[in-house]
Amino acid sequence: MHSNNRKYFWNIVLILTVTVIAMYFALRDNFKEIMHALGQINFFSLLAILAWGLTINIVIGVGLMFLGRRYQKRYSLQDGIIVAFVGTFFAGITPSSTGGQFGQVYVLKKQGINMSDGVSLLWADFIIYQTTMMIYVTVLFILRFSHYVNLNAWFWIVFGGYLINIVVIVGLYTIALFPKLYIKLCRWAVNVLGKMHLIKDPEHKMKQWVAKMTSFTGEVKLLSQDKRLIIQLMLVNFVRLTLYYALPYAVALALGIRLNFGQFVDTLALSSFVTMANCFVPLPGASGGTEVFFTMLFSGLFGPLTGAVLLLWRFSSYYLPVIAGALVFMVFKNHEDAKEDQAASLAAKGQGIAPPMPPVGQVHEIEKVRPLQPDEVKELVPPKTSSKVDLNSKPSR
Numbered sequence: 001m002h003s004n005n006r007k008y009f010w011n012i013v014l015i016l017t018v019t020v021i022a023m024y025f026a027l028r029d030n031f032k033e034i035m036h037a038l039g040q041i042n043f044f045s046l047l048a049i050l051a052w053g054l055t056i057n058i059v060i061g062v063g064l065m066f067l068g069r070r071y072q073k074r075y076s077l078q079d080g081i082i083v084a085f086v087g088t089f090f091a092g093i094t095p096s097s098t099g100g101q102f103g104q105v106y107v108l109k110k111q112g113i114n115m116s117d118g119v120s121l122l123w124a125d126f127i128i129y130q131t132t133m134m135i136y137v138t139v140l141f142i143l144r145f146s147h148y149v150n151l152n153a154w155f156w157i158v159f160g161g162y163l164i165n166i167v168v169i170v171g172l173y174t175i176a177l178f179p180k181l182y183i184k185l186c187r188w189a190v191n192v193l194g195k196m197h198l199i200k201d202p203e204h205k206m207k208q209w210v211a212k213m214t215s216f217t218g219e220v221k222l223l224s225q226d227k228r229l230i231i232q233l234m235l236v237n238f239v240r241l242t243l244y245y246a247l248p249y250a251v252a253l254a255l256g257i258r259l260n261f262g263q264f265v266d267t268l269a270l271s272s273f274v275t276m277a278n279c280f281v282p283l284p285g286a287s288g289g290t291e292v293f294f295t296m297l298f299s300g301l302f303g304p305l306t307g308a309v310l311l312l313w314r315f316s317s318y319y320l321p322v323i324a325g326a327l328v329f330m331v332f333k334n335h336e337d338a339k340e341d342q343a344a345s346l347a348a349k350g351q352g353i354a355p356p357m358p359p360v361g362q363v364h365e366i367e368k369v370r371p372l373q374p375d376e377v378k379e380l381v382p383p384k385t386s387s388k389v390d391l392n393s394k395p396s397r
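Letter by letter, the sequence shown follows residues 1 to 397 in this note's numbering.
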């Protein structure tokens, strides 16, 4: 536990360091204009922008609620939102967002969903999200590919990220369709890596991979039978992605940058391109790379105020949700620990375990007993009976 905490601490330090450096280069050329624009922003517009980033996580919670009700009929929106924020927190402070699922499985287990079902739930969420995102981004690529392909050299990095995501989603569906083939490939890969001494326990690693693959394929088959749930989740993810991709547009309007509806589509496309390019940034929160890609891709649209848009967009979409997720996790964990302590205390009482002895030297008052009066003593003494037996008496018939 202490080693994990230390790891998270250094990840946070790395995030802040890289972000400060990236922000310095993004803001230095137009620093005065950017600070002036930020100082002129309307207070309620600022609140709306900050709430926007938190709303995205609430929408994620809606999707998790739908999935959670497959395992618990009374799984609530609040439960889903807690899982969403905890996932955002752990994903935001671990490289390539690898820690999000571990935190979410922990919360789901505390909410009454066992570990295997929790893993299946998160697999379903990931599959639907990844599928919806690639459909969304593909449409945006078609709409804006010819417009940006010759304008920015960075676009080819974006296209590379897009291809990686395509390979991921195709790979997931082929695993679901041909699980036995992938198990054979995994066995071969594990044996090769074991002979190269890159894996300490090949047999154990193989069992882990097979278990994950079996869970994944089983979840895909179950999910494919529930068309209504698929449609619900795709709609939720469409709203989630639209909110995320449209946030820079809302920030730009709040800063007084004049944009038309056609540029709204440009904003959606460029935001999705930033997401694709982040595939090449393994740092926690894609720190550094996100700021660079955003500046390079949006500078033609937002001009000298690109840095101001970046600052508010990044805080609303990343830093604020991560901070909120940390707070949600701490409150949730403290609440669960208190429940467990209370349950342990009640169990101890039920088993007849004696309460702890009072501290040494503690004085207890002894209740004084009033002596009985003579009349009261007489009432308590039973009347005397004759002990003589009449031998002449006949027994009654």
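Read the hints as simulated data drawn from the structure, not as lab findings. The reader is advised that the hints may include incorrect statements.
Said to hold, decoys possible - Once the Cα atoms are required to be at most 30 Å apart in a straight line, the calculated DSSO-like pairs of lysine-lysine come out as:
#1 K200 <-> K212
#2 K200 <-> K221
#3 K221 <-> K195
#4 K349 <-> K195
#5 K180 <-> K212
As the list claims (entries may be wrong) - Label pairs and their in silico Cβ distance ranges:
#6 Q40 <-> N260: 19 to 29 Å
#7 V210 <-> S45: 27 to 37 Å
#8 K200 <-> G262: 38 to 48 Å
#9 N260 <-> S224: 20 to 30 Å
In this text, a Cβ means the ideal position worked out from N, Cα and C, and glycines have one as well.
Hints and how they fare:
no.	hint	result
1	K200 <-> K212	19 Å, holds
2	K200 <-> K221	33 Å, violated
3	K221 <-> K195	35 Å, violated
4	K349 <-> K195	56 Å, violated
5	K180 <-> K212	13 Å, holds
6	Q40 <-> N260: 19 to 29 Å	22 Å, holds
7	V210 <-> S45: 27 to 37 Å	52 Å, violated
8	K200 <-> G262: 38 to 48 Å	56 Å, violated
9	N260 <-> S224: 20 to 30 Å	41 Å, violated
Violated hints for the displayed structure, listed by number in ascending order: 2, 3, 4, 7, 8 and 9.
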